[in-house]
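Colleague: Here is what each chain is made of, one letter per residue.
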Amino acid sequence: MLGGLFFVPMVGLLGILIAWYRRDPRRFLDGPTEDAPLRLMRWAIGLLAPQRAEWGQAMLGELGCIEDRIRRTRFALGCASAALVLPPWGRAATGVWAMILLAAGAIGLYAGMAVHYGLGGGGGWIAVSILTVFVLGVLLGASALVRRPGVALPGLLGGLFIAVIFLTVSGFTFLDQILPNTVGWHRLVQVIAVPFLVGAVGTWWSRDPIIGKRIVRLAAITASLGLFAYTTIAVAVIGGGGPPDQDGGFTLRGTISDRIGNNMVLLGFTILVFATIGWGGAAAAGRLLRCTPAGTGPVTSNPVPPQEA
Amino acid sequence: MQRNRPPSPQAINVLRALAADPARWRYGYDLATEVHLKSGSLYPILVRLADRGLLETSWEPGVGSRPPRHLYRLTGDGRDFVAALTAARADRTVPAMHNRWSEA
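From first to last, the protein sequence lines are chains A and B. Once you know that position 221 of the first sequence is 221 in my numbering, the rest is easy, because the numbers rise by one and skip nothing. In short: position in the second sequence from 1, add 1000, done, that's my numbering.
This is chain A alone, in the form it adopts within the complex:
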């Protein structure tokens, strides 16, 4: 009953967003052939390694000659699956697969705990559904970012850096992640200084604040998914053990539900905060770059060869 209170507005909101998107006249700017299969195909071939770009164009060429919508959809789905697995993997495909595996592992573990501790009846499945929809949206956003030139590798490394510093400061043990004993400067380093630094370094390295902002957005997603996976593993290992939570439940199920719920909130919170603070760092570095005479920064005019979008 309580779950329905959250689920119905969520589905309603999703329906409104889809309806709003479908009536947006800008989606027809590329002509009537700009349909879902074509968009899917363009998304997928953007993940191909540069040396496979010709094959992406070959798939697009064939799709252009298929009229029937169902056949177009089937063809595009097949090509998209081929583009995701076709070796050699480019940085974009590697990044997407790394994040998909991370997210799938964390969601699987989360769902496993919901089953193991019998949390499904108390809105546990609603939470898993919301988490899955949220993570799918995050992965879709990340897949758009990794295809941009010069974003995939620094974004993934930046995310790894943010996550490692976050865990180092709060303590690597699982108990430290479930019941963190952090003081003010810890939070300052974890959520302000490091994301700001990643945004600033990303902009300085790419010498383009727009690329720097993309790098830090990808880093925020990578770091948050990594932290979510780590803290979910921590709950799976510790279970209801350790000192009692200050705001936790009084039963084992209540404690577990509270702990995995905290992880879910942390996922949304860290993505938002890392991306926002990092955006600020990228903007600040961009302003400094504009004031710096050309030739004094690192020479990285085009760190990654451009890929076909």
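The set of hints was computed from the structure by calculation and includes no laboratory data. Because the structure is a prediction, the values reported are computed rather than measured. Careful, some of the hints might be misleading.
As the list claims (entries may be wrong) - Pair ranges (Cβ atoms, derived):
# : chain 1 : residue 1 : chain 2 : residue 2 : range
1 : B       : 1059      : A       : 34        : 16 to 24 Å
2 : A       : 116       : B       : 1009      : 40 to 48 Å
3 : B       : 1034      : A       : 276       : 53 to 61 Å
4 : B       : 1016      : A       : 141       : 41 to 49 Å
Stated by the list, open to error - One side only, chain B facing chain A, incomplete, derived with CB under 8 Å:
#  : residue
5  : 1026
6  : 1027
7  : 1028
8  : 1029
9  : 1039
10 : 1044
11 : 1066
12 : 1067
13 : 1068
14 : 1069
In this text, a Cβ means the ideal position worked out from N, Cα and C, and glycines have one as well.
Position chain B relative to chain A; hints supplied.
Modeller: What follows is chain B alone, placed relative to chain A:
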């Protein structure tokens, strides 16, 4: 390092379809329809065949708003490979048929 694994049954079907008229350039979608393969299986096969030098590719210019199309046909090595495959299959089939007749 490129691995030269034996071709899969699906890849053999594609090779045979191309070998039926080796001089003719073929479209990917037509090949997929002919050998009953989905695009997700066909393109990795075409990529592997091209990487092994068994397939040559070309582009047909786009017509109107339609994009250019990729065309495929067997190379000389590809034709030799299909001929060798057919010969090897015949070698295996004759003893098998002989055994079946012997058992009867």
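Colleague: Next, verify each hint and record whether it holds.
Modeller: Do the hints match the structure? See the list:
1. B:1059 to A:34: 16 to 24 Å: This hint holds: roughly 23 Å between Cβ atoms.
2. A:116 to B:1009: 40 to 48 Å: holds, 43 Å
3. B:1034 to A:276: 53 to 61 Å: holds, 54 Å
4. B:1016 to A:141: 41 to 49 Å: holds, 44 Å
5. 1026: At 11 Å from the nearest chain A Cβ, residue 1026 of chain B fails the 8 Å test, so the hint is violated.
6. 1027: OK, holds: residue 1027 of chain B within 8 Å of chain A, min 7 Å.
7. 1028: Where the cut-off is 8 Å and the nearest Cβ of chain A is about 5 Å from residue 1028 of chain B, the hint holds.
8. 1029: At 5 Å from the nearest chain A Cβ, residue 1029 of chain B passes the 8 Å test, so the hint holds.
9. 1039: holds, 3 Å
10. 1044: holds, 5 Å
11. 1066: holds, 5 Å
12. 1067: holds, 5 Å
13. 1068: holds, 5 Å
14. 1069: holds, 4 Å
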